[in-house]
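Colleague: In case you want the letters, here they are:
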Amino acid sequence: MEAATIERTERRMPAWVTGLAPLALLGLAIGLFVALGAPGLERNGAPVEELAVERTSLAPGEIELVVRNDGPDPVAISQVLVNDAFVTFEQSAGEMRRLDGNTIAVAYPWIEGEAYAVGLVTSTGGTVEHEIEAAAETPAADAGFYGLMGLIGLYVGIIPVAIGMLWLPWVRRIDERWIQFVLALTVGLLAFLGVDALLEGSEIAAGGAEAFGGAALVFLGAAAAYLGLAGVDGWLRARAHDDGTAAVGGRPGAAVAGASGSGVGAWRLAFLVALGVGLHNLGEGLAIGSAYAIGSLALGATLIVGFAIHNTTEGLAIVAPVGGERHRLRGMLPRLVGLGLLAGAPAILGAWIGASAFNPSVAALLFGVGAGAIAQVIVQIAPSIRDSSGRLLHPLAATGVLAGLVLMYATGLAISL
Amino acid sequence: MKELTRHKLSRRKLLGGAAGAAAALPLLHETVPHQGVHDTVAAAAGGDGGHAAGHAANRGLASGTVGSVDPAVNGFDPHNVLRDFDSGRVRREGGRTVREFEIVAEDREIEVAPGVKFAAWAYNGRVPGPTLRATEGDRVRITFVNASSHPHTMHFHGIHTARHDGVPQTGPGNIEPGHSFTYEFDARPFGIHLYHCHSMPLADHIAKGLYGAFVVDPKAGRADADELVMVMNGFDTNFDRGNEIYAVNTVAFAYHDRPIRVKRDELVRVYLVNITEFDLLNSFHVHANFFDWYPTGTKLEARDFTDTIVLGQGERGIAELRFPYTGRYMFHAHVTEFADLGWMGFFEVED
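Chains as they are written, first to last, in my numbering: chain A, 1 to 417; chain B, 418 to 768.
Quick caveat, the hints were computed from the structure, so don't treat them as lab data. It is possible that some hints are incorrect.
[Claimed, not checked] One-sided and incomplete, this derived list gives chain B residues near chain A with beta-carbon spacing under 7 angstroms:
| # | residue |
| --- | --- |
| 1 | 737 |
| 2 | 741 |
| 3 | 754 |
[Claimed, not checked] In silico SDA-like pairs for lysine to any residue, Cα to Cα no more than 20 angstroms straight-line:
| # | chain 1 | residue 1 | chain 2 | residue 2 |
| --- | --- | --- | --- | --- |
| 4 | B | 636 | B | 577 |
| 5 | B | 534 | A | 47 |
| 6 | B | 534 | A | 85 |
| 7 | B | 534 | A | 349 |
From the three backbone atoms N, C-alpha and C, an ideal C-beta is built for every residue, glycine too.
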């Protein structure tokens, strides 16, 4: 066929037809394949039975598991073992198809603090083991419980961030070069949190259904948050232009202007930092809440003190971009409170979700979101660190970043002691 | 015994990464749970009496499997297996009794606990295979047909020639699928014996269900009794070289959910065979009673008067007892883990 003929044929078809034709063919092929019973392909070997236990909750005399069929083949749970003994149980579903969920309620007189191995025996005789490493009653989700989770969120999220933001008067009085240093320090702090979120997310993802993506969810969440925040940033800049105010801080030429912190650019940067920190704290709250729900978290004074020290640095990160802001502090207060809440309050939300509806796959995604947001914030801050010759990692900046990493590491040690 | 891969206690993992890596591991020493016992006291007096409100679930553990196994689907009922003796087709040859049996090995899926299927190999479609019975000195002729997709044999415990020992290394060796062989020997000594497949790998051929009891009566016979065959077995349903399910005559909790009915003061004779694979020992314990114990049943005098005996793999014997009271009396493995996993039942003693 000659080239001219092809062109004529294509022109006769509307564009949308040529766009949909491959999809239609795909549908037809799949339909035929299924209708004919997958000709030429036969199941080789026994069915693959994979179950993920997504949630475990314990009430006096009862153990409840939420499981999901993580494998390609249907799974039916026929019997349940606890510590090598068959037990009576009830389940919410019969045969589970791929990705179907099932709630298994086992009547069992468990003893607080002891370890239990729950075995789910499938119809083929396969067993799926689930460990309860230290049995503890799952808190009832009542008002008092949500109040406690709120208090935890307040302690580990809002209060430390608010305290950290009290560095603002100091930041306002220091030399511009030192503001650059503090911003570099912020980058270090954030980088630490970002890496941390990736690792934590990956670890949590391992407990979820592999079919939902496992650790890939963390990176998916990170990419989504990065792109989403980039979009928010672009929208904020566009709006700033419409208002006739020169956007600063983002473009290389305006880097120093941003660092010296005047106008909308500085606040935009502070907002993005607060948003990134907030998304990260959502993940932190989630982890705390879920750990509390399964009774593995000690709500001691040392934990709270550790968090206070650790998260206080997040407050500094938020106010650093507005160090050059020349308005009166009193006038800035509402904005600062808003930023503090944006950064800290998600810890409360996270704790609520984590303690009442924890799902490893969702948690992994949220940790990824936190990491992606932080990466975007770092990219946003970076131009403000450039020196007059446009260098990014000049000695002062590099020292700042390193100092941030060390600070986070050191305050983290205070918690893990 | 079921091998639970009990992970090392990992509180790090358990914490779920609370609050970031650096922020994680808060005060792990404080996570040691409080003392406090929940619900270990079964409601012995019935109900939840005495427990504080809010602990309504304090009912102790109701053991056992959920649901029931349909004997019609399995093709055999543990309750029928108990009292089902196959004495063969009897004929006289040259003044002596000859008993002829036909045994067919086949691949068959059976249900070993409610809803739990097991790809078994079975003699005559049942696990355990038929209880073969002869009198000491009888000629026994067993035509073995292998309708399974794997080579098998029949190896009898008894005194016989090498050719008829049913091992792959002597006589006809493995009987290949579609082939048959007639094992022939004199029934001796008297006692309770067993037969099983001896193809390699041995543990697998036994664990999959190719075994049965072989009763040789003394010439003078034994006292009249309600005779029960109990083959203690186990099933490795997930191929981890350990049993997930234990039972007498295959179905977990079969006599727990439906007790064995016996008469008060009547002599009960239990032909007890241990063919459990993977575990070195199994045991038999009867509640509220004692029994005369005849190891392997080869002597007419009881060796012991006890309520618990322990048997190694392939060991067997005869327990004789009378129940003086009516009521429901438990019997189970005193390897208690097996009891929890299905090897537990009741005698229902009636007038």
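Colleague: It remains to establish, for every hint, whether it holds in the given structure.
Modeller: Hint by hint, here is what the structure shows:
1. 737: violated (31 angstroms)
2. 741: violated (31 angstroms)
3. 754: Where the cut-off is 7 angstroms and the nearest Cβ of chain A is about 5 angstroms from residue 754 (chain B), the hint holds.
4. B:636 / B:577: holds (18 angstroms)
5. B:534 / A:47: Roughly 13 angstroms separates the two Cα atoms, so the pair holds.
6. B:534 / A:85: holds (18 angstroms)
7. B:534 / A:349: Violated. Residue 534 (chain B) to residue 349 (chain A) sits at ~46 angstroms, over the 20 angstroms cutoff.
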